[in-house]
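Asks: Got chain D; can you put chain P on it based on the hints?
Quick note, the sequences are listed as chains D and P, same order. Every letter in the first sequence is one number past the one before it in our numbering, and letter 115, counting from 1, is 115. Every letter in the second sequence is one number past the one before it in our numbering, and letter 80, counting from 1, is 80.
Any given hint could turn out to be false.
Taking lysine to any residue pairs in the SDA-like style, the calculated list, with each CA pair at most 20 Å apart, reads [what the hints assert, rightly or not]: (1) K137/D with F5/P; (2) K62/D with Q82/P; (3) K79/D with Y93/D; (4) K126/D with L116/P; (5) K137/D with Q82/P; (6) K126/D with Q102/P.
Just a sample of chain D residues kept apart from chain P, beta carbon distances all over 10 Å, derived [to be verified]: (7) A16; (8) S33; (9) K90; (10) I94; (11) M105.
These are computed hints drawn from the structure, not numbers from a lab. Just so you know, even glycine gets a beta-carbon here, dropped at the ideal spot from N, CA and C.
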Amino acid sequence: MSLFNIFDIAGSGMSAQSVRLNVTASNLANADSVSSSSGETYKSRQPIFQAILDDAQKGYVKGSVQVVGIVENNTIGRKEYNPSHPMADKEGYIFHSNVDPMAEMANMMSASRSYQNNVEIANTSKQLLMRTLQMGK
Amino acid sequence: MSINFDSALGIHAQALQVRSQRAEMLAENLANANTPGFKARDINFQDALKMAASQQSVADMKTTHVNHFQPNSAQSFSPAVQYRTTIQDSLDGNTVDEQIEQAQFMQNSIQYQASLDFLGGKFNGMIKALRGE
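One chain only, chain D, in its complex shape (with noise of 0.2 Å):
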């Protein structure tokens, strides 16, 4: 019955979803983290999603999403003058994180849209099972 599938797809588009949100709170919580060299800086993440299209993929249902790594974003975030800072290198300098705050922002909000549209999918597949269960009576 395929919508017994449904669950376990929308089931993954949620932990899916979960994850990214996961993953943009500790970005937005480590955006004004500083430190004095740019290679112990945080660097912001993101999680790659990608579909299961193959039944050889043993434990997941074929059209489920799942996350295959978590990557960081390398790019050398701002440098900053300031000689009086707690962690300032040598030459006085820090070095803040490379979160970029605004798109974080519009990406929480995608993965919160996206899995509440997961919610619904298997709230609604729940009732037309219930439905069906009740058939003829």
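Replies: Just chain P now, kept in the frame of chain D:
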């Protein structure tokens, strides 16, 4: 006269099957709304129903030998999957439009409920006929 559920229930049982397959496909589209390169897919309901109905008529094949067997009408069929054309392309190659998919899913679920009601009515009619009240 043989009592056969396939002939008593008409097209509605097949319609329900196609509707639930379509619901699954639309759920796949929405789950992959943010997957790069994913192409939104859909089933052409008319073609799929025609295919399902023709499978039903195949089930009434005549047997002239003991080793002949009827094709299984209950087995799932795979209707031709089509790709949706986009109104607006996105940079990552994804063609899922969440609004369109959501609307299609809702429409499909209402049609599913309609098929369900038709089917339920058939069953109620049969129960009434059996009781003979």
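Asks: Evaluate each hint against the coordinates.
Replies: Quick rundown of the hints versus the structure:
The suggested pairing of K137/D with F5/P holds, with an alpha-carbon distance near 17 Å, which does not exceed 20 Å. For the proposed pair K62/D and Q82/P, the alpha carbon gap of about 17 Å is at most 20 Å, so the pair holds. Between K79/D and Y93/D, the direct Cα distance comes to roughly 7 Å. Compliance with the 20 Å bound is thereby established for this hinted pair. Proximity of K126/D to L116/P is assessed by CA-CA distance (about 14 Å); at most 20 Å being required, the pair is judged to hold.
Proposed proximity of K137/D and Q82/P is contradicted: the alpha carbons are some 37 Å apart, above 20 Å. The hinted pair formed by K126/D and Q102/P meets the criterion: a straight-line CA distance of about 16 Å does not exceed 20 Å. Not every CB of chain P is more than 10 Å from the CB of A16/D (nearest about 8 Å), against its label as outside the interface. Every beta carbon of chain P lies more than 10 Å from that of S33/D, the smallest distance being close to 27 Å; the non-interface claim holds.
Distance check on K90/D: its Cβ is at least 42 Å (rounded) from any Cβ of chain P, clearing the 10 Å threshold; non-interface status holds. Distance to chain P confirms I94/D as a non-interface residue, since its nearest Cβ pair spans about 34 Å, more than 10 Å. Consistency note on M105/D: stated as away from chain P, and its beta-carbon is indeed over 10 Å from all of that chain's, at 16 Å minimum.
Hints 5, 7 from the earlier list are contradicted by this structure; the remaining hints agree with it.
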